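> Chain order of the listed sequences is G and C.
When you line the first sequence up against the numbering used here, it's residues 1 to 162, in that order.
When you line the second sequence up against the numbering used here, it's residues 1 to 162, in that order.
I should point out that these hints are in silico values taken from the structure, not numbers from a laboratory.
Keep in mind that this is a model prediction, so the values were computed, not measured.
Positions of the beta carbon are idealized from the N, C-alpha and C atoms, including for glycine.
Please note: incorrect hints may appear among the correct ones.
Pairs of lysine to any residue residues, derived as SDA-like cross-links and limited to a Cα-Cα distance of at most 20 Å, are as follows [stated by the list, open to error]: (1) G:K53 <-> C:Q107; (2) G:K53 <-> C:Q46; (3) C:K53 <-> G:A143; (4) C:K15 <-> G:I55; (5) G:K53 <-> C:G144; (6) G:K53 <-> C:A143; (7) C:K53 <-> G:K98; (8) G:K53 <-> C:A52; (9) G:K53 <-> C:A44; (10) C:K3 <-> G:A52; (11) C:K53 <-> G:A52; (12) G:K15 <-> G:A143.
With beta-carbon atoms standing in for the labels, derived distance ranges [stated by the list, open to error]: (13) G:A44 <-> C:A44: 36 to 46 Å; (14) G:P8 <-> C:P67: 42 to 52 Å; (15) G:L159 <-> C:P16: 30 to 40 Å; (16) C:G49 <-> G:T35: 22 to 32 Å; (17) G:Q7 <-> C:Q156: 29 to 39 Å; (18) G:E145 <-> C:E12: 30 to 40 Å; (19) C:G25 <-> G:E145: 24 to 34 Å; (20) C:E24 <-> G:Q62: 10 to 20 Å; (21) G:L66 <-> C:P103: 47 to 57 Å.
Number of protein chains: 2
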Amino acid sequence: MMKLALQPLTREAFKPFGDVVETEGATHFPINNGTTTRFHDLAALQFSGSNAKPIVSIFRGQAFTLPLEITMMEHHPYGSQLFMPLSGHPYVVVVAPKGELQPQQIQAFLATGQQGVNYHSGVWHHPLISLEASSDFLIVDRAGEEANCIEQDLNQSILLEF
Amino acid sequence: MMKLALQPLTREAFKPFGDVVETEGATHFPINNGTTTRFHDLAALQFSGSNAKPIVSIFRGQAFTLPLEITMMEHHPYGSQLFMPLSGHPYVVVVAPKGELQPQQIQAFLATGQQGVNYHSGVWHHPLISLEASSDFLIVDRAGEEANCIEQDLNQSILLEF
Numbered sequence: 001m002m003k004l005a006l007q008p009l010t011r012e013a014f015k016p017f018g019d020v021v022e023t024e025g026a027t028h029f030p031i032n033n034g035t036t037t038r039f040h041d042l043a044a045l046q047f048s049g050s051n052a053k054p055i056v057s058i059f060r061g062q063a064f065t066l067p068l069e070i071t072m073m074e075h076h077p078y079g080s081q082l083f084m085p086l087s088g089h090p091y092v093v094v095v096a097p098k099g100e101l102q103p104q105q106i107q108a109f110l111a112t113g114q115q116g117v118n119y120h121s122g123v124w125h126h127p128l129i130s131l132e133a134s135s136d137f138l139i140v141d142r143a144g145e146e147a148n149c150i151e152q153d154l155n156q157s158i159l160l161e162f
Numbered sequence: 001m002m003k004l005a006l007q008p009l010t011r012e013a014f015k016p017f018g019d020v021v022e023t024e025g026a027t028h029f030p031i032n033n034g035t036t037t038r039f040h041d042l043a044a045l046q047f048s049g050s051n052a053k054p055i056v057s058i059f060r061g062q063a064f065t066l067p068l069e070i071t072m073m074e075h076h077p078y079g080s081q082l083f084m085p086l087s088g089h090p091y092v093v094v095v096a097p098k099g100e101l102q103p104q105q106i107q108a109f110l111a112t113g114q115q116g117v118n119y120h121s122g123v124w125h126h127p128l129i130s131l132e133a134s135s136d137f138l139i140v141d142r143a144g145e146e147a148n149c150i151e152q153d154l155n156q157s158i159l160l161e162f
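Put together the whole structure using the sequences plus the hints.
Here you go:
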């Protein structure tokens, strides 16, 4: 089975797939008479199609342990999908570029509990892989008329490991 | 000085002002082959005006202690503003109904570190009041051409206390 190791999650490495939502390195300025710092506009939200709009939800993901067999990926053709951890636990982000899904192009990142990710529209990703404990995430994604989740099985499984 | 005590934050009590973003009591269903629970569409996002769009930011608020003197309120005429706590600490939500600001209509709520709030457009609220420690919040609010923050000093201060 093909093996895939986790990389640290950085804005630069994740750029082909979307945004890393974190304070480090972000544009920021004081508001509220100096009592609050605003880290401003951290993700490109995308929503298209009929009656499309962004919505806010919470996902509660069960805890996984590595090594873990990856057998499928999914993408959302009509919108971005943002995950922001609320429970402070790390999680795994598995992605592949837009277009035809090619297993050898799959990459995996280890996100800290203080890093969110925003998958851009069309970017292949694995469903939520929380580590350590069942974890909640705030989600900003797209509602609309068209079905917006395309799943595809891999023609060969990938073993995800630290 | 007029004194104001904190109420527990509940969906019902907060309904005139906006949404409480929490899993408890929310519509939910399984996704990702049963490994994730989706608590679905928890807030009414609003954004109007020229070139209006929702944006995602992080606010880092300094810690306050009570009792605290409240001297002003603000509102956003062109959009809602959602706060979701990322640090797990409680915070205080001070609000008044849309329209002419009347100090005797101000209410204060104690939010847990697992409860977000979404102020609806036009609803008066106080800037961020984190308790216990400096705390980060994920924010979903509106960007656009028109200025979108109206501040107003109170004609009499209010003493906020537990």
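> Against each hint, give a clear statement of whether it holds in the structure.
A quick look at each hint next to the structure:
no., hint, verdict
1, G:K53 <-> C:Q107, "violated (31 Å)"
2, G:K53 <-> C:Q46, "holds (10 Å)"
3, C:K53 <-> G:A143, "holds (15 Å)"
4, C:K15 <-> G:I55, "holds (18 Å)"
5, G:K53 <-> C:G144, "holds (17 Å)"
6, G:K53 <-> C:A143, "holds (15 Å)"
7, C:K53 <-> G:K98, "violated (25 Å)"
8, G:K53 <-> C:A52, "holds (13 Å)"
9, G:K53 <-> C:A44, "holds (10 Å)"
10, C:K3 <-> G:A52, "violated (45 Å)"
11, C:K53 <-> G:A52, "holds (13 Å)"
12, G:K15 <-> G:A143, "violated (24 Å)"
13, G:A44 <-> C:A44: 36 to 46 Å, "violated (22 Å)"
14, G:P8 <-> C:P67: 42 to 52 Å, "holds (44 Å)"
15, G:L159 <-> C:P16: 30 to 40 Å, "violated (53 Å)"
16, C:G49 <-> G:T35: 22 to 32 Å, "holds (27 Å)"
17, G:Q7 <-> C:Q156: 29 to 39 Å, "violated (57 Å)"
18, G:E145 <-> C:E12: 30 to 40 Å, "holds (32 Å)"
19, C:G25 <-> G:E145: 24 to 34 Å, "holds (28 Å)"
20, C:E24 <-> G:Q62: 10 to 20 Å, "holds (19 Å)"
21, G:L66 <-> C:P103: 47 to 57 Å, "holds (56 Å)"
Comparing the model with each numbered hint stated earlier shows that hints 1, 7, 10, 12, 13, 15, 17 do not hold.
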